[in-house]
Amino acid sequence: MQKLTPAPQDFDWQHLTLPSSPNYFLLIPSTTINLIKGQLSYIPSRIQVSPQFNCSIDELQPLCLKHITNQARTTIYPGDNNAQTHYIQRSLLFRFPDIISIEIQAVNRDTATLFLYSRSVYGYSDFGVNKRRVKNLMKELNKEVINSPYALT
Numbered sequence: 099m100q101k102l103t104p105a106p107q108d109f110d111w112q113h114l115t116l117p118s119s120p121n122y123f124l125l126i127p128s129t130t131i132n133l134i135k136g137q138l139s140y141i142p143s144r145i146q147v148s149p150q151f152n153c154s155i156d157e158l159q160p161l162c163l164k165h166i167t168n169q170a171r172t173t174i175y176p177g178d179n180n181a182q183t184h185y186i187q188r189s190l191l192f193r194f195p196d197i198i199s200i201e202i203q204a205v206n207r208d209t210a211t212l213f214l215y216s217r218s219v220y221g222y223s224d225f226g227v228n229k230r231r232v233k234n235l236m237k238e239l240n241k242e243v244i245n246s247p248y249a250l251t
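Okay, so the sequence shown: first residue is 99 according to our numbering, each after it adds one.
Please keep in mind that the hints were generated in silico from the structure rather than gathered at the bench. Every residue gets a Cβ at the ideal spot worked out from N, C-alpha and C, and that includes glycine. Hints may contain errors.
Claimed, not checked - Straight-line alpha carbon distances no greater than 27 Å define the calculated DSSO-like cross-link-like pairs of lysine-lysine that follow: (1) LYS164 x LYS237; (2) LYS229 x LYS164; (3) LYS233 x LYS135; (4) LYS135 x LYS237; (5) LYS241 x LYS164; (6) LYS229 x LYS135; (7) LYS164 x LYS233; (8) LYS241 x LYS229.
As the list claims (entries may be wrong) - Estimated spans, in silico, between C-beta atoms of each pair: (9) SER139 x PRO104: 17 to 25 Å; (10) ASN206 x SER139: 28 to 36 Å; (11) ARG171 x ASN132: 33 to 41 Å; (12) PHE109 x VAL205: 27 to 35 Å; (13) GLN137 x ASN234: 24 to 32 Å.
With the hints as constraints, model all of the structure from the sequences given.
This is the structure we're talking about:
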């Protein structure tokens, strides 16, 4: 199965092409969301504006790393440009790989936001797994970052 898993690659969020299948979930800053909405494969229920956390990149990065790597069956793949980090998380039963890509960006010195793209490598539908994964991660981060204005709906 390892040989069938493509190596995650860094990409330009401004030119991200969404898959036509509903097997992903994407958190994207409000400044970039309009670029995604124009795509033919745009599925509103699969995309959400990412939060702004009241902490710096240097504070948010280790929290993301901790919560993602604490997930079962997860392997880290550092990106090429040091801004992006990728993870492979395998399903419990059949060990199918999902790729999680994350890039944290500064809004200002004391506020950070992120791009987070969780997607299945195989299959047409993910049965909501990627959305649950992202929302659970945001809940965990929200617990740790005091005064974050983000509340999941």
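Quick rundown of the hints versus the structure:
1. LYS164 x LYS237: Between LYS164 and LYS237 the Cα gap is close to 14 Å, so the pair holds against 27 Å.
2. LYS229 x LYS164: Between LYS229 and LYS164 the Cα gap is close to 19 Å, so the pair holds against 27 Å.
3. LYS233 x LYS135: holds, 20 Å
4. LYS135 x LYS237: Distance of about 25 Å is within 27 Å: holds.
5. LYS241 x LYS164: holds, 13 Å
6. LYS229 x LYS135: holds, 18 Å
7. LYS164 x LYS233: Within the cut-off at roughly 16 Å; holds.
8. LYS241 x LYS229: holds, 18 Å
9. SER139 x PRO104: 17 to 25 Å: Check passed, 19 Å falls within 17 to 25 Å.
10. ASN206 x SER139: 28 to 36 Å: holds, 33 Å
11. ARG171 x ASN132: 33 to 41 Å: holds, 35 Å
12. PHE109 x VAL205: 27 to 35 Å: Since the Cβ atoms of PHE109 and VAL205 sit about 21 Å apart, the hinted range of 27 to 35 Å is violated.
13. GLN137 x ASN234: 24 to 32 Å: holds, 26 Å
Checked against the numbered hints given earlier, this structure breaks only hint 12.
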